[in-house]
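Starting from the known structure of chain G, arrange chain R on it as the hints suggest.
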Amino acid sequence: GAGVSQSPSNKVTEKGKDVELRCDPISGHTALYWYRQRLGQGLEFLIYFQGNSAPDKSGLPSDRFSAERTGESVSTLTIQRTQQEDSAVYLCASSRAWWQFFGPGTRLTVL
Amino acid sequence: DQQVKQNSPSLSVQEGRISILNCDYTNSMFDYFLWYKKYPAEGPTFLISISSIKDKNEDGRFTVFLNKSAKHLSLHIVPSQPGDSAVYFCAASEANAGKSTFGDGTTLTVKP
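If you're matching them up, the sequences are chains G and R in order.
Here the first sequence stands for residues 1 to 111, numbered as in the working numbering.
Here the second sequence stands for residues 1001 to 1112, numbered as in the working numbering.
The reader is advised that the hints may include incorrect statements.
[Said to hold, decoys possible] The list that follows gives simulated cross-link-like pairs (lysine-lysine, DSSO-like), each with its CA atoms no further than 30 angstroms apart:
#, chain 1, residue 1, chain 2, residue 2
1, R, K1068, R, K1054
2, R, K1071, R, K1054
3, G, K57, G, K11
4, G, K57, R, K1111
5, R, K1111, R, K1005
6, R, K1056, G, K57
[What the hints assert, rightly or not] DEER-style ranges, computed between Cβ atoms:
#, chain 1, residue 1, chain 2, residue 2, range
7, G, T13, R, P1009, 36 to 46 angstroms
8, R, A1070, G, N52, 35 to 45 angstroms
9, R, M1029, G, T109, 19 to 29 angstroms
10, G, K15, R, R1017, 31 to 41 angstroms
11, R, A1097, G, G71, 18 to 28 angstroms
12, G, G51, R, H1072, 17 to 27 angstroms
13, R, N1067, G, T78, 38 to 48 angstroms
14, G, G71, R, G1016, 17 to 27 angstroms
15, R, K1054, G, R81, 24 to 34 angstroms
16, G, G51, R, E1015, 42 to 52 angstroms
Calculated from the structure, these hints are not laboratory results.
Quick reminder that beta carbons are idealized off the backbone N, C-alpha and C, glycines included.
Okay, chain G solo, but in the shape it has when bound (with noise of 0.2 angstroms):
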């Protein structure tokens, strides 16, 4: 069956650039997270999507971080003028219930 997928796997770019990193949840999941994961440190919660409701911004660390997501499906991170400190792992999950199926991340690299 069909996981979280998420595109691209590997992101390398140059200082000041925008990115978008795309998840694609799991069929018929109402709820719709990122996290970020720094290098050996835990995950960091970003933005949280649940059905038509206002999303949860709470944990976007800047106003270069924003996130779409349309309708119960896809969903787009964008991170505009990128940090070196950007870099990380961005992690998407979907869910439908209290526990949550993660895709399996896009590595982020600013050089």
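The following block gives chain R in isolation, referenced to the frame of chain G:
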């Protein structure tokens, strides 16, 4: 202020013995607790959960214990197997809040 803490960054256990991973939390509004396992280059996978109305939940070799008064939970793996070697994340959720708060993870190594 970190609301979910895993104070042991790593744990090494001999195959066949018990692995005990610990997690502490500070938010008394949490009412659902989860453990995830993560292998390198993969996303975390859900392992086991427990509701705040229970103090124990068992699934095969995995048991989670919850001590609400101490705001502490633990994951027991017995017997431990080399394939259990991974990073284990503790997470907690409030009812109707949707999002989970994760700890920093504990790297478990099970030696053959």
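Right, here's what the structure says about each hint:
no. : hint                                 : verdict
1   : R:K1068 - R:K1054                    : 9 angstroms, holds
2   : R:K1071 - R:K1054                    : 13 angstroms, holds
3   : G:K57 - G:K11                        : 23 angstroms, holds
4   : G:K57 - R:K1111                      : 42 angstroms, violated
5   : R:K1111 - R:K1005                    : 25 angstroms, holds
6   : R:K1056 - G:K57                      : 33 angstroms, violated
7   : G:T13 - R:P1009: 36 to 46 angstroms  : 30 angstroms, violated
8   : R:A1070 - G:N52: 35 to 45 angstroms  : 40 angstroms, holds
9   : R:M1029 - G:T109: 19 to 29 angstroms : 37 angstroms, violated
10  : G:K15 - R:R1017: 31 to 41 angstroms  : 48 angstroms, violated
11  : R:A1097 - G:G71: 18 to 28 angstroms  : 22 angstroms, holds
12  : G:G51 - R:H1072: 17 to 27 angstroms  : 34 angstroms, violated
13  : R:N1067 - G:T78: 38 to 48 angstroms  : 42 angstroms, holds
14  : G:G71 - R:G1016: 17 to 27 angstroms  : 49 angstroms, violated
15  : R:K1054 - G:R81: 24 to 34 angstroms  : 47 angstroms, violated
16  : G:G51 - R:E1015: 42 to 52 angstroms  : 45 angstroms, holds
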